[in-house]
Amino acid sequence: MRPILLKGHERPLTFLKYNRDGDLLFSCAKDHNPNVWFADNGERLGNYKGHNGAVWCCDVTRDSRFLVTGSADQSAKLWDVETGVQLYSFTFETPARSVAFSEGEKLLLITTDPFMGAPSAIHIKRVEAERTEQTQDSIEIIKGHVGRVTRAVWGPLNTTIISCGEDGTIRQWDASNGKELNMKEAHSKNIQTLSMSADGSHFITASADKSAKLFDTRTFELLKTYQAERPINAAAISPLLDHVVLGGGQEARDVTTTSSRAGKFEAKFYHKIFEEEIGGVKGHFGPINALAFNPDGRSFASGGEDGYVRVHHFDAEYFTMKV
Amino acid sequence: MAPPIDGRVRWGDDLDDDGDDGLEGVLPPIQVLGPDENGYKIVIEYRYNERDEKVKVTTKSRVKKQVKKMNKNVIKRRQWRKFGDAALVSGNQNVTIVSTEEIFLERVKGPSGGKEAEKNELAGLVASGNTSLIVCRICGKKGDHWTSKCPYKDLAKDGMFQDKAPTEDGAPGAASAGAAPGRGAYVPPSMRAGANKEGEGMRQRGRDDNSIRVTNLSEDTREADLMELFRPFGPISRIYVAFDRETGLSRGFAFINFVNRDDAIRAISKINGYGYDNLILKVEWATPREDKR
Numbered sequence: 001m002r003p004i005l006l007k008g009h010e011r012p013l014t015f016l017k018y019n020r021d022g023d024l025l026f027s028c029a030k031d032h033n034p035n036v037w038f039a040d041n042g043e044r045l046g047n048y049k050g051h052n053g054a055v056w057c058c059d060v061t062r063d064s065r066f067l068v069t070g071s072a073d074q075s076a077k078l079w080d081v082e083t084g085v086q087l088y089s090f091t092f093e094t095p096a097r098s099v100a101f102s103e104g105e106k107l108l109l110i111t112t113d114p115f116m117g118a119p120s121a122i123h124i125k126r127v128e129a130e131r132t133e134q135t136q137d138s139i140e141i142i143k144g145h146v147g148r149v150t151r152a153v154w155g156p157l158n159t160t161i162i163s164c165g166e167d168g169t170i171r172q173w174d175a176s177n178g179k180e181l182n183m184k185e186a187h188s189k190n191i192q193t194l195s196m197s198a199d200g201s202h203f204i205t206a207s208a209d210k211s212a213k214l215f216d217t218r219t220f221e222l223l224k225t226y227q228a229e230r231p232i233n234a235a236a237i238s239p240l241l242d243h244v245v246l247g248g249g250q251e252a253r254d255v256t257t258t259s260s261r262a263g264k265f266e267a268k269f270y271h272k273i274f275e276e277e278i279g280g281v282k283g284h285f286g287p288i289n290a291l292a293f294n295p296d297g298r299s300f301a302s303g304g305e306d307g308y309v310r311v312h313h314f315d316a317e318y319f320t321m322k323v
Numbered sequence: 001m002a003p004p005i006d007g008r009v010r011w012g013d014d015l016d017d018d019g020d021d022g023l024e025g026v027l028p029p030i031q032v033l034g035p036d037e038n039g040y041k042i043v044i045e046y047r048y049n050e051r052d053e054k055v056k057v058t059t060k061s062r063v064k065k066q067v068k069k070m071n072k073n074v075i076k077r078r079q080w081r082k083f084g085d086a087a088l089v090s091g092n093q094n095v096t097i098v099s100t101e102e103i104f105l106e107r108v109k110g111p112s113g114g115k116e117a118e119k120n121e122l123a124g125l126v127a128s129g130n131t132s133l134i135v136c137r138i139c140g141k142k143g144d145h146w147t148s149k150c151p152y153k154d155l156a157k158d159g160m161f162q163d164k165a166p167t168e169d170g171a172p173g174a175a176s177a178g179a180a181p182g183r184g185a186y187v188p189p190s191m192r193a194g195a196n197k198e199g200e201g202m203r204q205r206g207r208d209d210n211s212i213r214v215t216n217l218s219e220d221t222r223e224a225d226l227m228e229l230f231r232p233f234g235p236i237s238r239i240y241v242a243f244d245r246e247t248g249l250s251r252g253f254a255f256i257n258f259v260n261r262d263d264a265i266r267a268i269s270k271i272n273g274y275g276y277d278n279l280i281l282k283v284e285w286a287t288p289r290e291d292k293r
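Here the protein sequences come in this chain order: G and Z. First residue of the first sequence? That's 1 in full-length UniProt numbering, and the numbers climb one at a time after it. First residue of the second sequence? That's 1 in full-length UniProt numbering, and the numbers climb one at a time after it.
A few of these clues could be false.
In silico DSS-like links for lysine-lysine, alpha-carbon gap of 27 Å or less [unchecked claim]:
hint : chain 1 : residue 1 : chain 2 : residue 2
1    : Z       : Lys82     : G       : Lys49
2    : Z       : Lys76     : G       : Lys17
3    : Z       : Lys69     : G       : Lys17
4    : Z       : Lys76     : G       : Lys106
5    : G       : Lys17     : Z       : Lys72
6    : Z       : Lys82     : G       : Lys17
Computed footprint of chain G on chain Z, listed as stretches where at least three residues anywhere in the stretch have a Cβ under 8 Å from a Cβ of chain G [stated by the list, open to error]:
hint : segment
7    : 30 to 43
8    : 83 to 90
9    : 211 to 225
Which residues of chain Z face chain G? A few of them, derived with a C-beta cut under 8 Å, are [as the list claims (entries may be wrong)]:
hint : residue
10   : Arg77
11   : Trp80
12   : Val108
Source of the hints: derived by calculation from the structure; they are not laboratory data. These numbers were taken from a predicted model, which means no experiment stands behind them. Note that the Cβ used here is the ideal one computed from N, Cα and C, for glycine as well.
All chains, please: the whole structure from these sequences, using the hints.
Encoded structure:
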């Protein structure tokens with residue numbers, strides 16, 4: 001396959017997100033402007049200007065009309081996907097990190113980092129259909145993680161929220177009252193991100209302890225462990241085949257001290273069930289920070305510390321290969 | 001030739017005018033027939049070949065329409081206007097690059113068995129005892145044991161068979177120092193004490209007993225093709241395809257060395273007379289070159 005290289009960012013990538021139909025790819029980076037691309041040919045549709053800090057995360061509605069971004073400038077912003085116009089800005093006392101629309105897009109969760117003595121928190125906001133009625137008020141503010149909450153997502157039917165943090169734990173919260181339902185010390189080091197499967201029944205965590213783990217969404221039962229030999233920054237589950245892809249590499253500050261070969265910057269494919277490594281896709285010359293599968297499972301995108309997004313459309317052999 | 005109206009001479013017009021002068025240069029127009037109900041389209045065109053002869057070229061092709069289903073919303077989004085930096089003239093330059101490099105999903109192990117199978121094979125070789133791959137460096141016995149398992153290991157200490165890597169103090173093969181011109185100098189394996197002076201290295205090992213000759217090969221057969229063809233019979237230690245030194249083309253024959261004689265016998269019986277690349281292969285025992293001369 002010949003990957004498409006997207007050079008729309010000047011700083012390391014932080015997050016990648018495909019829309020529901022898989023035709024648009026949103027990319028967030030430590031520079032201030034998230035980009036949107038046509039996923040099939042890599043053409044840039046536009047970028048969203050308005051943030052004043054690193055953009056950590058984004059989410060898009062199912063109908064691809066609205067985008068929400070969370071940024072280190074202590075705000076989360078709502079955008080019109082088509083025109084790039086900023087619709088609303090939620091402001092916080094501390095940097096915003098992870099954002100996610102609920103199923104149905106009536107609710108929005110935004111996590112904030114600990115800062116100046118304030119602990120990390122998960123804020124739940126109501127999304128109004130009329131933008132003029134939109135308010136800053138949080139329905140619920142959930143606190144409990146030690147250190148940063150790196151990623152939070154909605155559980156099945158919006159009844160729960162699942163979060164992971166720098167304390168190496170995964171936690172399940174009751175979305176209606178903010179009570180902690182379940183907690184598991186999943187990793188020995190900080191968890192960088194978590195990623196849901198297409199049906200939401202299980203999710204994968206990526207950790208700096210050089211492993212990725214697959215958990216049941218409801219029970220938090222540990223299903224599988226994928227062992228790697230480098231810290232993992234990103235993980236994604238294929239919606240089509242029983243594959244997971246892990247990305248990472250040695251820490252950015254150590255990169256210059258070793259050759260790129262020693263850095264282990266490939267995206268590694270593992271068999272989801274057998275936990276066996278299938279192969280690697282090379283290309284980045286820095287650690288991979290973000291991974292996303294196209295919802296049709298026929299392509300995936302990786303974003304690296306090197307500032308590039310690489311969109312890979314799989315060859316026909318990928319779908320027929322024996323493991 | 002009409003004078004150019006706008007004062008510029010266009011060389012393209014010039015050429016056209018010349019061509020109109022004689023009927024010699026006129027070619028019949030290109031004819032396009034079809035596509036018919038089966039999608040077959042015929043294009044007939046005329047041109048000159050390099051010897052200035054008029055040739056008629058008929059191209060028959062099949063036109064097939066492929067329907068690709070696309071989401072209505074996706075098509076609508078395709079029409080969206082660019083915004084932000086992408087709307088600028090320079091905004092989308094050098095932003096999207098298709099990699100010139102072909103990137104593959106690099107497999108950790110081959111699709112078939114991989115290392116494990118290879119290991120089993122070697123173990124099988126030792127068990128069968130019928131091999132030329134395993135040669136003991138101490139006693140020189142073939143196909144019986146590895147050097148480290150040699151029953152004459154103890155004798156080797158006395159310097160009888162000494163053939164060792166440099167010892168702790170840095171002197172290569174201390175026991176063989178007698179043969180060496182000076183302490184510490186390199187002694188080629190063939191010169192060391194206990195070595196087979198005839199040098200049974202490359203020359204003989206290359207042409208062993210289990211060598212078969214394959215003739216009537218097509219010109220574009222490569223070692224890999226033969227490997228694919230003969231590998232099912234058993235482990236192969238060497239494949240040699242003869243190439244012409246001047247032209248670089250295959251000379252149409254190859255030698256294949258099997259590890260086991262039985263495999264070679266089976267390969268001859270099965271592949272001899274086998275059709276390969278529309279040629280009938282001839283497979284037989286390779287006769288040593290010395291006999292031929």
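Structure-based check of all given hints:
1. Z:Lys82 / G:Lys49: holds, 14 Å
2. Z:Lys76 / G:Lys17: This hinted pair holds, its Cα atoms lying about 20 Å apart.
3. Z:Lys69 / G:Lys17: The hint holds at about 23 Å.
4. Z:Lys76 / G:Lys106: Holds, because 25 Å separates the two Cα atoms, which is no more than 27 Å.
5. G:Lys17 / Z:Lys72: holds, 21 Å
6. Z:Lys82 / G:Lys17: Between lysine 82 of chain Z and lysine 17 of chain G the Cα gap is close to 19 Å, so the pair holds against 27 Å.
7. 30 to 43: Not satisfied, violated; 0 residues make the cut.
8. 83 to 90: holds (count 5)
9. 211 to 225: With 0 residues close enough to chain G, the hint is violated.
10. Arg77: With a minimum Cβ separation of about 6 Å from chain G (threshold 8 Å), the hint on arginine 77 of chain Z holds.
11. Trp80: holds, 5 Å
12. Val108: holds, 5 Å
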